[in-house]
Amino acid sequence: MILLLRTTVLSAILSATVLTPAVAEEIRTINIVTRPQTSQPSEFQFTQLIAQEWRRLGLDVNVQVMPWEQMIQEIWFSREDWDTTAWQMVGRPERSDPDEIIFNLFHSTTAEQGFNFIGYNNPDYDALVEQQRVTLDPDARRDIVRAAQALLVEDQPNMMLAHPQSTYAYNNTVWDAATVVDQSGIGIRNTWSYLQMEPLGDITDIILNSSDNVTAINPLYISGGTDSWITELVYDRLMRIGPDGLPQAWAAESYEWIDDTTITVTLRDDMMWHDGMPVTPDDVVFSFEAAGSGEAPMYGPFVTGIADMTIDGMDITFTLTEPSAPFLTASLAKINLIPMHIWEPVIAEQLTLETNAESYREDVPIGSGPYRFGSWTLNEEVVLEANAKHWAAPNADRWILRIVPNVEAALGMLRSGEINFLSDFPGDPTVVVAAADENPDLTAVSTVDIGFRYVAFNHRRPPFNDPAFRRALSASVDRRLIVGAAFRGYAVPSNSVVSPALAFWHNETTIEGMEAGVELAQQMLADAGYAVVDGRLNYPDGIAETLGE
Amino acid sequence: MKAITVIGGRLLQTAFVLLAVITILFFMFRLMPGSPLAAYIDPNFTPEQQAELMARFGLDQPLWRQYFIYLGNLLQGDLGESFFYRQPVAERVLALLPNTLILTFSSLILAYVFGVFAGAYLAWKRGSVVEQIGVPLVLTTRAMPEFWLGMLLLAVFSFGMGWFPAGGTRAPGAEYDTMWALYTSADFWWHMTLPVLTLAIYSQGLPLLLMRSNMMDVMREDFVTMARIKGLSTFTVVIRHAARNALLPVMTSFAIAVGYQIQGNVIVETVFSWPGLGRELVRAVQTADYPLAQGAFLMIALVVILMNLVADLLYAALDPRVTHE
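From first to last, the protein sequence lines are chains S and X. Here the first sequence stands for residues 26 to 574, where the numbers follow the working numbering. Here the second sequence stands for residues 1337 to 1661, where the numbers follow the working numbering.
Take the hints with a grain of salt, since some may be wrong.
[As the list claims (entries may be wrong)] Computed spacing ranges between beta-carbons, pair by pair: (1) S:Ala332 <-> X:Arg1401: 41 to 47 Å; (2) S:Ser103 <-> X:Gly1498: 48 to 54 Å; (3) X:Ile1445 <-> S:Asp201: 47 to 53 Å; (4) X:Arg1401 <-> S:Val557: 53 to 59 Å.
[Unchecked claim] Chain S is faced by these chain X residues, among others (derived, beta-carbon under 10 Å): (5) Ala1510; (6) Trp1610; (7) Arg1619.
[What the hints assert, rightly or not] Among chain X residues calculated to face chain S with C-beta under 10 Å, some are: (8) Gln1349; (9) Gln1386; (10) Glu1388; (11) Arg1422; (12) Arg1428; (13) Glu1605; (14) Phe1608; (15) Pro1611; (16) Glu1616; (17) Gln1622.
Rather than coming from a laboratory, the hints here were simulated on the basis of the structure. Using N, Cα and C, we set each Cβ at its ideal position, and we do this for glycine too.
Pulled out of the complex, with its shape left as it was, chain S reads as follows (with noise of 0.2 Å):
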């Protein structure tokens, strides 16, 4: 406390006899944020060693430890009082159309409450991503994606490090490995492989773990990952993203675009809930119309661009207040169906009470996906059985998910067969393909994530504002060092937010022939205008540090 004083009241001392802006002014230590490495392992590694290399640029670097619920409260809702931090993107199937993370992430709009945390504000990169939301020929969209990606290489708002590699395993004894699906950006643990996996013996249950417990059942409420593995199977959606992460037809039957902003969709004829009604167009326009109630907020944005819905038969004509190349992924492929006849009277029941539809528990989620809901106990147990008659039954009879918060004894669970399907792993990844590596009966798969890994600049706060010194600290490091001593090799060198696992829109000159190195970046430094003096990193000549203390 003392010391603490002491430091205060000397830089007090230090800053007012320096107020005179002198030729050229010393940049005040900088702080890192990461996630302690109990909880978060490879993000402190990457950390420690980015740091190592700032401060061979000549800054002070101080890595600052705290666990996430801190992290948010200082980063994410204190935007103007931080300088660096690491931070992870991680991935989802929407995620799998590059809107969500490129317009988001750095759009101006987006700076003051949104994604865009870092404070990011560049109008030709705005224009971009807003011409590829109205775009919606694929091949135009593309150029545009890519032309963005190649701004931001350029821009470097973030330091991207790697596109982490997640690794699942399943036992080959029990499933027949043909029919397990490997999802573009997703791995093994997705809907396609709980369809299709094929039983090869008396086995016929996905017995499958989670370290988290399960937190709600509610098609209207995004409570957590664990939770969407059950949504995505007992409810349907009009598309669904496919295994090659580009949405396809599921609930509807086919669709057409009419114009720019008008999309027609017939629904299925074949379908029923689970208590038995058929599912109906009426069903369908009014799950959007909850979904946009008020009384599901986190649903809400992804109905916003709907304008007018209207029935005709099968047909279920949306029209949209502007183009949207997104709205297949973004709303159709996310929407879950519900049955109007349980949730009218839930919503409107809802709409008086200070409480939204996220408080409202069924009995039984009656939804009308390929599996039907069979029982819950409390943190240990969801258990769902397939559903016989819907067209595209599961082959498995049962898919049963343990909570095993005890990640090693999930690993012995598989092995010992307590579990067939190892669907969630925090830990070291070499672990379990070391694991399969020795046990002949298992099958480890890893597959380049969505998601990412990167470190954050605060673009609010000198000197993160000049492109140049932030392309500098984003060189001083190379990427393949990274992923070699913080992912232990699953992962792979990132240098674009849209990641390679989505081929299609990946700009791979993003990181083909990207340079790096501590030398590299002293020299892009004194090229700026940046100069050491007495070990010490100086602004350009004629630029105050207005920040320190």
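Mind docking chain X on chain S? Use the hints.
This is chain X only, laid out in the frame that chain S set:
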């Protein structure tokens, strides 16, 4: 009549302790770093939506008012709604409490039955080779951390020999119509073996050593010498005369051990994927789910306070020399 006043006084004291616990819990969680915002409010929300949610959780009110609202609700038996699960806290806590109590009491009973007999035996064998091996062995088991012991048992008996399952309370997909059907099933007992064993091995040291030292005191007493002179068999002397008297402090320690055992439960429930209150508690603290964390702690505190009260009152029944008159 007097006894009733004494018991009434005890109950009043208990109520006061409870109020203190509730108050400390309430403020403790709110002074922790981190905010419920991080865990429950989607960053995509507009400021209005965030404010609405804060209001719904009552987090927009001044702290003292939140406290009195909480107290008022508690008096009506309402533990509040979990921020994270959007469910009544009481429902979750009551669903998980039996699992934790079963683990706690079966392991403690096992530990105490074993500890009492083994302690008496070691006292009787004072100075022998049995004691020279036995006491260090007990101290070693007492020094093993539960998570380590648990992982060891898992590695050997579950993954090595394949005798016991590695987690949960039942086989995957096994369904039971009632809780009672589950708790009386072989499936449940089979799943319970390793976690109970872990906790029992960890906690047998206290009753064992306590029993042993009490026995050594009692064995020196005149009435034991008297019994020996009478020519009674060693077994009768040790078990019927000495052990009964040495047992009293051990019984008191049982009530206190319940409280300690809960902390062991937190770890064992995680190691063995046991759906109990301990795991729920850890998760609630991590996510700053105040109502749930308070509810879970309160339930545990309630059990501990109750056990102390029972021990207090039972003491008189066990030992005629102690009265509440």
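Comparing the hints with the structure gives:
no. : hint                               : result
1   : S:Ala332 <-> X:Arg1401: 41 to 47 Å : holds (44 Å)
2   : S:Ser103 <-> X:Gly1498: 48 to 54 Å : holds (52 Å)
3   : X:Ile1445 <-> S:Asp201: 47 to 53 Å : holds (48 Å)
4   : X:Arg1401 <-> S:Val557: 53 to 59 Å : holds (56 Å)
5   : Ala1510                            : holds (9 Å)
6   : Trp1610                            : holds (8 Å)
7   : Arg1619                            : holds (7 Å)
8   : Gln1349                            : violated (34 Å)
9   : Gln1386                            : holds (9 Å)
10  : Glu1388                            : holds (9 Å)
11  : Arg1422                            : holds (4 Å)
12  : Arg1428                            : holds (7 Å)
13  : Glu1605                            : holds (8 Å)
14  : Phe1608                            : holds (7 Å)
15  : Pro1611                            : holds (4 Å)
16  : Glu1616                            : holds (7 Å)
17  : Gln1622                            : holds (7 Å)
The earlier numbered hint that this structure contradicts is number 8, and it is the only one.
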